[in-house]
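There are 2 protein chains.
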Amino acid sequence: MSTVTGFETLDVRFDTSAMLDGSDAMNPDPDYSAAYLRVTTDAADGLEGHSFVFTIGRGNDVQVAAIEAVAHRVLGRDVEAILADLGGFWREFVYDSQLRWLGPEKGVMHMAIGAVVNAFWDLKAKRAGLPLWQLLARLTPEELVDLVDFRYLSDALTRDDALEILRAALPGRAEREATLLALGYPGYTTTPGWLGYSDEKLARLAREAVDDGFEQIKLKVGDNLDDDIRRLGIARETVGPGIRIAIDANQRWDRDQAIEWIKALERFDLAWIEEPTSPDDILAHAAIARAVAPVKVATGEHAMSRVLFKQLLQAEATAIVQIDSTRVAGVNENLAILLLAAKFGVPVCPHAGGVGLCEAVQHFSMFDFVAVSGSQEGRMIEYTKHLHEHFVSPVELVRGRYRAPLAPGIGMEMLPESLAAHQFAEPTLAEKR
Amino acid sequence: MSTVTGFETLDVRFDTSAMLDGSDAMNPDPDYSAAYLRVTTDAADGLEGHSFVFTIGRGNDVQVAAIEAVAHRVLGRDVEAILADLGGFWREFVYDSQLRWLGPEKGVMHMAIGAVVNAFWDLKAKRAGLPLWQLLARLTPEELVDLVDFRYLSDALTRDDALEILRAALPGRAEREATLLALGYPGYTTTPGWLGYSDEKLARLAREAVDDGFEQIKLKVGDNLDDDIRRLGIARETVGPGIRIAIDANQRWDRDQAIEWIKALERFDLAWIEEPTSPDDILAHAAIARAVAPVKVATGEHAMSRVLFKQLLQAEATAIVQIDSTRVAGVNENLAILLLAAKFGVPVCPHAGGVGLCEAVQHFSMFDFVAVSGSQEGRMIEYTKHLHEHFVSPVELVRGRYRAPLAPGIGMEMLPESLAAHQFAEPTLAEKR
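Chains A and B, in that order, give the protein sequences.
1 is the number of the first residue of the first sequence in our numbering; add one for each residue after it.
1 is the number of the first residue of the second sequence in our numbering; add one for each residue after it.
Since the hints were derived computationally from the structure, they do not count as laboratory data.
Remember, predicted model here, so these are calculated numbers, not experimental data.
There may be inaccurate statements among the hints.
Identical copies look the same in the list; a pair holds intra-copy or inter-copy alike.
Said to hold, decoys possible - DMTMM-like cross-link-like pairs, simulated, lysine to aspartate or glutamate; straight-line CA separation at most 25 Å:
| id | residue 1 | residue 2 |
| --- | --- | --- |
| 1 | 296 | 80 |
| 2 | 343 | 61 |
| 3 | 263 | 78 |
| 4 | 263 | 177 |
| 5 | 343 | 42 |
| 6 | 343 | 256 |
| 7 | 263 | 92 |
| 8 | 296 | 256 |
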């Protein structure tokens, strides 16, 4: 038996705004950051649980404070008991009545709970000697549904529905795992498309993306329609008709403006339009989706909870489910969302990029392929080039496809030297002004 | 010209869980708390801006940390410039791209922005020598709409729509202000209805409520149907047929369970059913509202933003708009919500209670009566008995009606001795376990 003996939180920030990497219509100058958590135990194996919440700079300190408040509550607890019932562990925090007031189930406190839950998933996967996707894909349907809380979901997905989905995927698990290990999982790249890049850089990076084997690229839009038309023209001419181009407005528009703007761009043969308006606006997404069809609407990177995803699916407001690895309350909640997507027959194409999001989120798509949807059709994982070098097990892409990771854990562990080098030093009050 | 010279944050908690005051089906043991902010300037008037975010205990420290992160950014700034454009001030924080990632527009970070915005509203009202409701009710329609951000609202409420509503209410302002000063504004009481109270205490407090002049009481429900039926029977028998009884499930049910449960209680002639399910579930609220009509569905105390309220109204998911004074980003966002409610013709019945929520939220109902909806019909402010003694200007009720407050400010300032006496001392790690 072992005990949780300590934890450390770190405010880790990268100066990405200086490069305009990651610039879009709502986020002109992101500093990719991680509110980082490391959990230690007294077990002889010396294994640690590592996780983080991704942010884009200011406020990362607040996210750290929230993680600390939650992590304090696991000190001294029995590790094996936690790892044996991660479904119960999730419920303990998400339904803690006092913490719940601060959301409920959204924002800083929800993501903090996710970080703590994920640190224990990391520990569980490391103890099993398996990457998260493989750990999950070896659980029985019954074990998987025990990890999911069906409160507020039962009008769309019951425990029995989930069991049925998972049982239907049982027969092909071994074959799909072999396929995944041999061929990987499709990615698409957002690297060419940041709004701050020049036309020349856009064209060069789009060409490189095709040369690298990607079959889809994504461009940021929404700041200026003329610019969008020009940039999409350059991109389409560069990549040719066989490569898909998605666009991403990062919540820039109101409902009617979104419809008008998308219609002005549809001639470029769009794979999807991502985040056309407020991520919380289910009804507007649904109205946009109806109006711009056959262009598909995609959303989810800011979708705060399984309850929001449920409604987006019920309202046919999104045709692509873009889960994020640190936006919701950890692995358990993303399992719920994968099951919801499968129930509605909607493909999952995770949000990634930032720092470490590719490393983390690939596990969900791979698990989904092996044990939930059983399909890679219309599914791919976002990819950007930045900051992979800071991770213990960085993603590997071959000809535009993610290779299945084999390192034990959930993929969020950063190198000690990177953690040390990028610790955020609090600016003086004068600098803050 | 004056400058913001300092701020102080305080973690203030009251041991209410010991009394089971405030206990409901989801919140068995709330410790009413305030993440408190005090802003100081170098102006000769010595006036301070006071505000807080209400929480129910654990996590109040995280809320304090978030307020601190935002408040740091106003140090050294020109007070008059801020007070002259509180609409711009709101947008500066709510659309700060990096802070925005932590929501967007929801949860801990959004409420923290609300606290900072509200502290400056407090200062503005004190400088004007007016209570908030009167300060707002003396602004022109043009000044009021400048305070509101219409992003993500334009499919339901435009600036022109808002101007039209406010201009239509101009003629009667003076008369309604006189009515309000003479007769106050209706309240209703939740004091009898907490789930932790015995049947005897329920009956005694219900009788007292009627004796005190209240025309509506509210009971918590949702834990056990037999208990609910028994308690509603006692309440109805005690108050008679002329007093309205509302019930509140505090998010306890899934959609179909809610419908079934409410139908089992409808014979008690219910004023409304509050928070039947997840506060984020617009579609479920709409389905419940359709199924249980003519019983009205009410929600809003946990509604995170104007975007959620907009959708609740568009989907006819709520028949009562229950704004809360510290859940959204301050006075400006509650103005937006009052205007949305007026546009849809739905009455606003604010959530209050906790600590200081009655003192704060009454201003919105009174401003709404004078300058927005122009009506008290079907409208009332929640009231509970607790903790008013800690405020500089506690609410006054006469025969179940709130008297219009006359003290300058937004009503959130606590007495210095109460702040000192209820500062939360961080427990040791051993206690935290």
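Cα distance capped at 25 Å. Does residue 296 pair with residue 80 within a copy, between copies, both, or neither? neither (45 Å within a copy, 48 Å between copies)
First find the shortest C-alpha distance between residue 343 and residue 42 inside one copy, then the shortest across copies, and answer within, between, both or neither for a cut-off of 25 Å. The answer is neither: 41 Å in one copy and 60 Å across copies each exceed 25 Å.
Could you figure out if residue 263 and residue 177 sit no more than 25 Å apart (CA to CA) within one copy, between two copies, both or neither? neither (41 Å within a copy, 49 Å between copies)
Within, between, both or neither: residue 263, residue 78 at alpha-carbon 25 Å: neither (56 Å within a copy, 44 Å between copies)
Should residue 296 paired with residue 256 be assigned to within, between, both, or neither, using CA atoms and 25 Å as the limit? Within one copy, since 16 Å is at most 25 Å while 31 Å is not.
Please sort residue 263 with residue 92 into within, between, both or neither, judging by C-alpha distance up to 25 Å. Result: close neither inside a copy nor across copies, 46 Å intra and 31 Å inter.
At most 25 Å between CA atoms: does that hold for residue 343 and residue 61 within a copy, between copies, both, or neither? For residue 343 and residue 61, the Cα distance exceeds 25 Å both inside one copy (38 Å) and across copies (40 Å).
Homomeric proximity label, residue 343 with residue 256: Cα distance no greater than 25 Å: Between copies, since 19 Å is at most 25 Å while 30 Å is not.
Violation of the numbered hints given earlier is confined to hints 1, 2, 3, 4, 5, 7; the remaining hints are satisfied by the structure.
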